[in-house]
Amino acid sequence: MEKSIKEKSLDRATLSALDIAEKTKIRTVWDRYAAQKPQCGFGETGLCCRHCLQGPCRISPFEHGAKEGVCGANADVMVARGISRAVAAGTASHGGHAKHMAHTLLKSAMGEAPDYPIRDEAKLKAVAERIGVKTGGRKINEIAADVARMALADFSEKESPLTWAATTVTKGRVETFLKYGVVPTGIDSAVSESMHRTTYGVDADPVNILLGAIKSSLADYAACHMATDLADILFGTPSPVVTQANLGVLKKDAVNIALHGHNPLLSDIVAQVADEKELNDKARAAGAREGINVVGVCCTGNEVMMRHKIPLATSSVSQEAVILTGALDAMVVDYQCIMPALAGVAECYHTRLITTMPIAKIPKALHIEFHEANAKESARKIIETAIEAFRKRDAAKINIPDVTTTAFAGFSTEAIVGALALVNKEDPLKPLIDNIVAGNIYGVCLFAGCNTVKVTQDANYTVMIKELAKRNVLILATGCASGAFARHGFMTPEATEKYAGPGLKAVLTAVGQAAGLGGPLPLVLHMGSCVDNSRAVDVAVAVANKLGVDLHMLPVVASAPEPVTEKAVAIGTWAVAAGLPTHIGVVPPVLGSKVVTEVLTSAAKDLFGGYFIVETDPVAAAEKLIAVMGERRKGLGLSA
Amino acid sequence: MKQIFVRPELCMGCRSCEIGCAVQHSKDKTLFSAVLQSPPPSPRLFVESAEGIKMPVICRHCEEAPCLNGCISGCLYRDEKGFVRRKKERCIGCWSCIMLCPFGVITRDKDKRIAVKCDRCHKLDVPACVDACPTGALVLVDIDEVPKEMRTRVVLAETR
Numbered sequence: 001m002e003k004s005i006k007e008k009s010l011d012r013a014t015l016s017a018l019d020i021a022e023k024t025k026i027r028t029v030w031d032r033y034a035a036q037k038p039q040c041g042f043g044e045t046g047l048c049c050r051h052c053l054q055g056p057c058r059i060s061p062f063e064h065g066a067k068e069g070v071c072g073a074n075a076d077v078m079v080a081r082g083i084s085r086a087v088a089a090g091t092a093s094h095g096g097h098a099k100h101m102a103h104t105l106l107k108s109a110m111g112e113a114p115d116y117p118i119r120d121e122a123k124l125k126a127v128a129e130r131i132g133v134k135t136g137g138r139k140i141n142e143i144a145a146d147v148a149r150m151a152l153a154d155f156s157e158k159e160s161p162l163t164w165a166a167t168t169v170t171k172g173r174v175e176t177f178l179k180y181g182v183v184p185t186g187i188d189s190a191v192s193e194s195m196h197r198t199t200y201g202v203d204a205d206p207v208n209i210l211l212g213a214i215k216s217s218l219a220d221y222a223a224c225h226m227a228t229d230l231a232d233i234l235f236g237t238p239s240p241v242v243t244q245a246n247l248g249v250l251k252k253d254a255v256n257i258a259l260h261g262h263n264p265l266l267s268d269i270v271a272q273v274a275d276e277k278e279l280n281d282k283a284r285a286a287g288a289r290e291g292i293n294v295v296g297v298c299c300t301g302n303e304v305m306m307r308h309k310i311p312l313a314t315s316s317v318s319q320e321a322v323i324l325t326g327a328l329d330a331m332v333v334d335y336q337c338i339m340p341a342l343a344g345v346a347e348c349y350h351t352r353l354i355t356t357m358p359i360a361k362i363p364k365a366l367h368i369e370f371h372e373a374n375a376k377e378s379a380r381k382i383i384e385t386a387i388e389a390f391r392k393r394d395a396a397k398i399n400i401p402d403v404t405t406t407a408f409a410g411f412s413t414e415a416i417v418g419a420l421a422l423v424n425k426e427d428p429l430k431p432l433i434d435n436i437v438a439g440n441i442y443g444v445c446l447f448a449g450c451n452t453v454k455v456t457q458d459a460n461y462t463v464m465i466k467e468l469a470k471r472n473v474l475i476l477a478t479g480c481a482s483g484a485f486a487r488h489g490f491m492t493p494e495a496t497e498k499y500a501g502p503g504l505k506a507v508l509t510a511v512g513q514a515a516g517l518g519g520p521l522p523l524v525l526h527m528g529s530c531v532d533n534s535r536a537v538d539v540a541v542a543v544a545n546k547l548g549v550d551l552h553m554l555p556v557v558a559s560a561p562e563p564v565t566e567k568a569v570a571i572g573t574w575a576v577a578a579g580l581p582t583h584i585g586v587v588p589p590v591l592g593s594k595v596v597t598e599v600l601t602s603a604a605k606d607l608f609g610g611y612f613i614v615e616t617d618p619v620a621a622a623e624k625l626i627a628v629m630g631e632r633r634k635g636l637g638l639s640a
Numbered sequence: 001m002k003q004i005f006v007r008p009e010l011c012m013g014c015r016s017c018e019i020g021c022a023v024q025h026s027k028d029k030t031l032f033s034a035v036l037q038s039p040p041p042s043p044r045l046f047v048e049s050a051e052g053i054k055m056p057v058i059c060r061h062c063e064e065a066p067c068l069n070g071c072i073s074g075c076l077y078r079d080e081k082g083f084v085r086r087k088k089e090r091c092i093g094c095w096s097c098i099m100l101c102p103f104g105v106i107t108r109d110k111d112k113r114i115a116v117k118c119d120r121c122h123k124l125d126v127p128a129c130v131d132a133c134p135t136g137a138l139v140l141v142d143i144d145e146v147p148k149e150m151r152t153r154v155v156l157a158e159t160r
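Residue numbers (the numbering used here), protein chains in the order written: chain A, 1 to 640; chain B, 1 to 160.
Rather than coming from a laboratory, the hints here were simulated on the basis of the structure.
Calculated pairs, DSS-like style, for lysine-lysine (alpha carbon to alpha carbon, straight line, at most 27 angstroms):
#	chain 1	residue 1	chain 2	residue 2
1	B	110	B	27
2	A	381	A	252
3	B	29	B	110
4	B	29	B	88
5	B	110	A	25
6	A	25	A	361
7	B	117	A	37
8	A	309	A	505
9	B	110	A	23
10	A	364	A	251
11	B	110	A	37
12	A	23	A	364
13	A	37	B	29
14	B	27	B	112
15	B	2	B	87
Isolated chain B (complex conformation) (with noise of 0.2 angstroms):
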């Protein structure tokens, strides 16, 4: 399972992932078009910032997800890809995912008043916050290879 990643060091607080996320869950998914909708689409990640550290907060599809565990209204659900997403026309607005989410990443649609949350980008190959990234602080990387990969860097500190 592919899932995205941060990393801190990276991050320059530019909140391009937070354009291409909100230009991706616009109607047209343009730039142009996004900046004139009204309502304006809204990010599902958020750039924070405390202590002179930069980082996207994201959605991290967690296996035990407390907010799915917590939908009283059957709105959220695990698809095929095992991504935490929203059968939108069942949510009831009782936010009890909101309390829960250990992320803060999940938020109120207030004009539909509808729970929002991040759908990794079920249709793309690479989440829109991936693709708009210019620095590789958010990246793709495959869960199974993180392991190996890191034990090579642990090595390679060491030889070093």
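Just chain A, same shape as in the assembly (with noise of 0.2 angstroms):
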């Protein structure tokens, strides 16, 4: 049954969006979810393997029909199989972004990638040194060369454990991992040694396949903690900025140009562009009074709304709706999370679809391929394009809804280490866990993922974000969750001063006028895009080193209220491995195996103190967090 306009999001923007879109008869990803209903069960609870030619195999739940496919894999076999190679794909995806990266430090650091200047030298020598790269007296270009190489042996199968997973987590973990054998040695081998494992008559025991996948996720971890390292390397470490949220900063007098995907490469960089006097005289000179705009969807749109201020227009389940604005004059896109059905929706009116990455071509967009080695002479080409189809805008079409919020974004973990050393210099986490023993801070949240057509948009976010907060849960966001709160207010100090419970909003307020604020911090704390969610494990794994005791005893918790894609599913289970109890809020495709449930909502506690929490209802799932946090509080010895 299709749902009702109603049940697909809280946000007003998308709605409006999706009104026109319904008056006009424009498919979204909405009409497309209800046309695949109902999905098959067997996919649903993992039940079906196409890993070989004999199959595909199916196992029933039921009494009747098979009980183990043809190889002679049962049920826990093939649910084991199948999440580890969701795991696989997603760190193949943060791999790949890492991996761009470093290839792009490199020839930054040898010269052939001009656009690309080392822009924050301190945090390069603060990697540099953390992973042991020599820095004194060394030229910025011979150290980044050297954490570059670095970062790239980080791929391929070492002899050590992996550079940016071992020197970022607390030795406790590295001698946990040690110990159950989950230690990866190269980004791009766990994953091929996941692939490996679960093909046709290789491993059999649901275990140990998982215990595979928590390996692998420990690579995606790593590849994540090398995304964020090196972006903020090239393109400058966050620090807080106040932007705008929501389809209302579309501007019906300027060339409105989109940022969707992911790696700061491209988006940065057209940032950078946009702001040429050139483009935007062009720009003026076709008709557009105010100039070039530039705003962010999904997970580049964090990105870029940290380092350049850039308004985000939406998150990554509505991507069409910008199109829908009737607004929008080109949607640029890199990799992952590019609906193929923008494409589409594109047709039906002048915005451009203008894919850049030799891997992510859609047929109908136009392809205008992003090389390192002219980063801006591309970005040019783009903004060019844009302008050329702002002269075909269609004015009867346009329909910006007239939603934006306030957005304060970019609290990277040296941002956060900055405004608290305001309030104590020689010290600066002692404000922060002072208030987590004192009971001001219950716990810390880390909201992470995406928004699901099999939720209503937002609603898990901002349900579960009011319970925490009055009970004075610290929340942390990145990604697509960050977009929600943003787009509903939540990413202000006036939410603080609305939702905060008493001890929460006196910390956020001390930290805020020590800031020079003038009022509190912002409910959330905004970390990034969905690579960044090592800078909150960064905070823990201060906090932890601090207090002299390891992740998994730490009043911190995960949560993706509404997750959708396989990076989640890897982010997820090493956030299990790092020791924190995870929600999630949509059932993964795992129920079909008793084992697997098993393992993962139970047996990981005992091996790594995390665990995944399924609840689907948010009211339940916040009760369920605030009793783990209660738990590890008391477990500390602190008030419960």
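Hints in hand, dock the two standalone chains.
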């Protein structure tokens, strides 16, 4: 049955765009989802396998029907193999993103990528020292080249653990990972190993397969951390900015360009070039009084929001809505979370969909390949294409919803520690720890992940944050989770005033005052894109090290209330391995196996301290997370 | 008389029955030629879902069939096995049968402009949809044995 329009989203701007879609009979993700229903229960429960040519096989969860595949794999093996491949795909994606950055950093260091200078030398040196690259008396380019080579070395199979994993977690975690044999020695080799062990006739022990998935997820973590580090080195470590969110950020009288996808290698350069006078003059000559207006979508939107104050138009599930405003002149994409359907929606308008990456082309889109060697040139060409498209706008089709919210963004680890240093210069973490101990901060919840058609857009996020904030839980957010919070006004000091419990409000106000904001910090500390979940780990690791405990003892939890991608599965898995109780708000395809379900939701706790909490009801989910934080506080001898 | 029974609690919504049906009603009756056929063959039963329940909705070949009663051109008839079938050449596309079917399982062949419905795979011992179902959500049962089976289940439930 098709959802009524109100059930699709809580976001007024998205709903307004969907109204247009309905009237003009343009199909969106919600229509395609309705057409897919009912979705196959075998897939929903993980009970199908296409890993060999004797298949496809399905296992019936009922009395009737097959209990094993042609090869003899039972439900446990099948489900474990399926979820393991999802983790591997996520790792491959973040790995591809990080590797792209490492290659570019090397080119930058060798003088082959003039548009990518090292913008944050302090971060370069900090990363270099952490991974054992000498910095004293050396030129920046030499250090950068060594860091880039170390990064690239992390992709193949090494004799030693992954540098970007081993140097960024607690000692206790490394010992735990070694104990269970889940330390990856290469990002790409971890993906490859996962594919190997889940192919026809290899690993048939479901628990062993899951340990393999954890190993691969730790490679995903390393890739995320590397992507964050290298982005900061090339484009600057984010510090707080104030910007706007939601579809109202599109301007009727400007050439509107949306940057969608993930890697700042593309989006940051387009953002830089969009400020050039000559291009803005061209835009004005074409009739756009306000020149060029760049907006973000999805994770790359987070990257440019943090570093260039670029407003966020919307999140991934509602990406089509940006085109439905009729005022978008170009949608520029790189890779990941780009719906192929964009091409069809763009065809109904003057909007140019521009693909840029050799591995991510879409029929009917314009492909302008992006090369590091002449990045700004490619970016200028993209912007000129948008200006040309602007001339073909149909005024009758323009419908920009008048919805915007203010959003404070860009709380990198460095920025958070910097803000805390204003309260206590000698020992910046002390105020945070003291307040956790005193109970003013009951715990910390990192919100991550996507929006999904399976949940009314933003419904889980908006319910959970209110429940947690009033119980004094400090909220961190990345990726499309932060997009949801930004679009609903939670990334503001006003939200702190309105929703934070008294303890949390006092802490956020004290730090905000010290930082000269004249009020509290925003209710949500926005840490960046999905790879930037690594930043949250950095904060947790610093706190754990300071306290002399390991991550699995801290009252820190993670939640992906509306997840979609295989990347989210990978991140969730490493969050569990890192010791975090991790909530997911949709049911993953594992229920077909009792063993796998039990390992992920319970036995993992005995091994790593972290485990999955599957709860589709947001109020119940918040309750469960509060209870877990209480348990952990008790464990540390704190008031629960 | 054997009837197709639907057990919604066993349906996974995989739509294998729809595929099996469409293939059986394709030219070559094989999956791979069926997927290449143009226009593609259409299934005569439909997996639907509401409120979290999934189930195939199928033609019941009703004893007092509204579609048959309403057919004004003499296209629909009851065959010797009791199945409600079509004499295709007689269909005039008035869609009375579509209006009258309480299950919504008669549809339109947009190409040939005639009504399409389940023929209970009259040439087969086991209908294609039942054959394709991997969980037993669709079963072929003797209608006269069903009450007896039900009574046994009632007794079992009482004694447990």
